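Undergrad: One letter stands for each residue in the lines below.
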Amino acid sequence: METIMNYLDNMFSRLPNTKEMQGIKQEMLANMEDKYHELIEAGKSEHEAIGIVISEFGNIDELIEVLGVVPESNQEPVPTLTTTEINDYLETNKKSGILVGVGVGLIILGAALLILITQLMEDGYIQVFEGRMVDVIGLIPLFLFVTIAVGMFIIADSMMKKFSFTQSDFHIQLHEKERLEQENQQFQQTHVRTTITGVALCILAPMILIISSVFHDNASVYGVVLLLLMVTIAVFLFIYYGRIKEGYNTLLHLEEHAIPKKVQKKEDKVIGAVASIIWPLAVIVFLISGLVYHQWHINWIVFPITGLLFAMFSGAYSIWKREG
Amino acid sequence: MISSDVIRGYNDTIILYLLIETPSYGYEISKKIKQLSNDRYVIKETTLYSAFSRLEKKGYVESFYQDKSHGKRRTYYRITEAGLAYYQEKCQEWEITKNVVNQFIKGVDEEWKQL
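Residue numbers (full-length UniProt numbering), protein chains in the order written: chain X, 1 to 324; chain Z, 1 to 115.
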């Protein structure tokens, strides 16, 4: 079977890597596999069967003519990924997923700690500082965590730098593709399970807040801390498992990778630019409303609202850009 | 074994004929061609798929995905109204072609020996 896959890979290596081409290649492989197995069943030797299957393949120029495609021989050759490169990519992608997931988790945790410490001091459980220091002390873990998180983002980003091939076109050998498709299918179940867990956490979290506010006014502040802890776990699940899924999508050319790279890059840039303005702005609003107006009990809502608005913007922008 | 050059103009007709009965996918069609021709014509993979893609572009067949009874998802093809009309046209064309070519065909056994 390996021989047949290699033969097909070679035959198609000159052709552009379009969806249509991949579909035809996949169908041909399935036909050739069927034919091969039937020949083996009919008592042919492996060599004979492969010989017959390959002799009945035909001439690839016939396809080129009908599909009106230009062979890529005079253009830049499209690289074929090796097994090591593929595994390295998946592994590194996973690791960077942990870094980003934990990083985002740390930022939310920092905010939770800020609220917790401030409330503990207000309730008189911690009595060390006086006056304005009360507001500042909670900010120390927040800034610390944010610093660590930013470091983790930078490391995660630089880890993925060497996989620049994902930004342009590449080939994957058929037997690798088959393996990845199987892995992806198995992972699908894990992904669904973790997504459900994450969504359940996000739904349960506000309920805890509501329940805690029934008991005591101040209890609701601790409820917020608990809420943020649950959101932290959910966010980690979304980011980490989402990242793994994205890795398979990239390698298998699924979903957004069907969209021309240029459109996508432009989108990423604009969305990235907006993100770099809107999120620091949210942090500033959060800090001012807390430090100046002492609204720590409610101002955390800035983050989910910003998140929602940002998601709406990037979604709408993508659709608008693609239609245009 | 028939050479693919000779039969080239009628690959599309052969495929359409097989699709009239029931929608089908690549390998099944190539197997039927082999059977019905008593092993004298084996269609090549590339010939088959260039025919599919030509027929689909002209709107003579439609493709859809379906799972085979055991195993993989395959691309199936079904014939359209336009495809059926085209098939009938090709049948008439073949009748004429056959008659014309026959005018130039000698009975191999008797007349050939006289030359």
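Think of the hints as simulated: they come from the structure by calculation, not from any bench. Just so it is clear, the structure is predicted and the values come from calculations on it, not from any experiment. Possibly wrong hints are sitting among the right ones.
[Stated by the list, open to error] With a cut-off of at most 25 Å between alpha-carbon atoms, the simulated BS3-like pairs for lysine-lysine come out as follows:
#  : chain 1 : residue 1 : chain 2 : residue 2
1  : X       : Lys-162   : X       : Lys-95
2  : Z       : Lys-90    : X       : Lys-25
3  : X       : Lys-25    : Z       : Lys-44
4  : Z       : Lys-58    : X       : Lys-44
5  : Z       : Lys-90    : Z       : Lys-72
6  : X       : Lys-94    : X       : Lys-44
7  : X       : Lys-25    : Z       : Lys-32
8  : Z       : Lys-32    : Z       : Lys-106
9  : X       : Lys-35    : Z       : Lys-98
10 : X       : Lys-245   : Z       : Lys-90
11 : Z       : Lys-68    : Z       : Lys-44
12 : Z       : Lys-58    : Z       : Lys-44
13 : X       : Lys-19    : Z       : Lys-98
14 : Z       : Lys-72    : Z       : Lys-98
15 : Z       : Lys-31    : X       : Lys-269
16 : Z       : Lys-57    : X       : Lys-44
17 : Z       : Lys-44    : X       : Lys-19
18 : Z       : Lys-106   : X       : Lys-44
19 : Z       : Lys-90    : X       : Lys-35
20 : Z       : Lys-31    : Z       : Lys-68
21 : Z       : Lys-58    : Z       : Lys-106
22 : X       : Lys-25    : Z       : Lys-72
23 : Z       : Lys-72    : Z       : Lys-34
24 : Z       : Lys-44    : Z       : Lys-90
25 : Z       : Lys-34    : X       : Lys-19
26 : Z       : Lys-68    : Z       : Lys-90
27 : X       : Lys-35    : Z       : Lys-58
28 : X       : Lys-44    : X       : Lys-162
29 : Z       : Lys-98    : X       : Lys-25
Undergrad: Take the hints in turn and mark each one as holding or not.
TA: Results of checking the hints against the structure:
A hinted pair counts as satisfied when its Cα atoms are at most 25 Å apart, and Lys-162 (chain X) with Lys-95 (chain X) qualifies at roughly 14 Å. A C-alpha spacing of about 29 Å is found between Lys-90 (chain Z) and Lys-25 (chain X), which places the hinted pair above 25 Å, so the restraint is violated. Straight-line distance between C-alpha atoms of Lys-25 (chain X) and Lys-44 (chain Z) comes to about 14 Å, which keeps the hinted pair within the 25 Å bound. A C-alpha spacing of about 39 Å is found between Lys-58 (chain Z) and Lys-44 (chain X), which places the hinted pair above 25 Å, so the restraint is violated.
Between Lys-90 (chain Z) and Lys-72 (chain Z) the alpha-carbon distance is near 34 Å, which puts this suggested pair outside the 25 Å criterion. This hinted pair does not check out: Lys-94 (chain X) and Lys-44 (chain X) have alpha carbons roughly 45 Å apart, beyond 25 Å. A distance of roughly 21 Å separates the Cα atoms of Lys-25 (chain X) and Lys-32 (chain Z); the hinted pair therefore holds under the 25 Å criterion. Distance hint between Lys-32 (chain Z) and Lys-106 (chain Z) is unfulfilled; the C-alpha atoms sit about 31 Å from each other, more than 25 Å.
Of the pairs offered as hints, the one joining Lys-35 (chain X) and Lys-98 (chain Z) is violated, with about 33 Å between alpha carbons and a cut-off of 25 Å exceeded. Only pairs whose Cα atoms come within 25 Å are accepted, and Lys-245 (chain X) paired with Lys-90 (chain Z) is rejected, the gap being roughly 50 Å. Restraint check for Lys-68 (chain Z) and Lys-44 (chain Z): satisfied, since their Cα atoms lie roughly 22 Å apart, inside the 25 Å limit. Proximity of Lys-58 (chain Z) to Lys-44 (chain Z) is assessed by CA-CA distance (about 21 Å); at most 25 Å being required, the pair is judged to hold.
Among the hinted pairs, Lys-19 (chain X) with Lys-98 (chain Z) is inconsistent with the structure: their alpha-carbon atoms are about 40 Å apart, more than 25 Å. Note on Lys-72 (chain Z) and Lys-98 (chain Z): the hinted pairing is violated, with a Cα-Cα distance of about 41 Å set against a maximum of 25 Å. About 52 Å separates the Cα atoms of Lys-31 (chain Z) and Lys-269 (chain X), which puts this hinted pair outside 25 Å; it is violated. The hinted pair formed by Lys-57 (chain Z) and Lys-44 (chain X) fails the criterion: a straight-line CA distance of about 38 Å is larger than 25 Å.
Between Lys-44 (chain Z) and Lys-19 (chain X) the CA atoms are separated by roughly 22 Å; this keeps the pair inside 25 Å, and the hint holds. For the hint linking Lys-106 (chain Z) to Lys-44 (chain X), the alpha-carbon distance of about 41 Å lies beyond 25 Å, and the restraint is violated. Proximity of Lys-90 (chain Z) to Lys-35 (chain X) is assessed by CA-CA distance (about 30 Å); at most 25 Å being required, the pair is judged violated. Between Lys-31 (chain Z) and Lys-68 (chain Z) the alpha-carbon distance is near 15 Å, which keeps this suggested pair within the 25 Å criterion.
Between the alpha carbons of Lys-58 (chain Z) and Lys-106 (chain Z) the distance comes to roughly 38 Å, so the proposed pair goes past 25 Å and is violated. In summary, the hint linking Lys-25 (chain X) to Lys-72 (chain Z) is supported, as the alpha carbons are separated by about 14 Å, within the 25 Å threshold. Restraint check for Lys-72 (chain Z) and Lys-34 (chain Z): the C-alpha separation of about 23 Å stays at or below 25 Å, so the hint holds. Proposed proximity of Lys-44 (chain Z) and Lys-90 (chain Z) is supported: the alpha carbons are some 21 Å apart, at most 25 Å.
Our distance criterion of 25 Å between C-alpha atoms is broken by Lys-34 (chain Z) and Lys-19 (chain X), whose separation comes to about 30 Å. A distance of roughly 31 Å separates the Cα atoms of Lys-68 (chain Z) and Lys-90 (chain Z); the hinted pair therefore is violated under the 25 Å criterion. As the CA atoms of Lys-35 (chain X) and Lys-58 (chain Z) are separated by approximately 29 Å, the hinted pair breaks the 25 Å bound. Taking the CA atoms of Lys-44 (chain X) and Lys-162 (chain X), the gap is near 47 Å; set against the 25 Å cutoff, the hint is violated.
A distance of roughly 36 Å separates the Cα atoms of Lys-98 (chain Z) and Lys-25 (chain X); the hinted pair therefore is violated under the 25 Å criterion.
The structure fails to meet hints 2, 4, 5, 6, 8, 9, 10, 13, 14, 15, 16, 18, 19, 21, 25, 26, 27, 28 and 29 from the earlier list, while all remaining hints are met.
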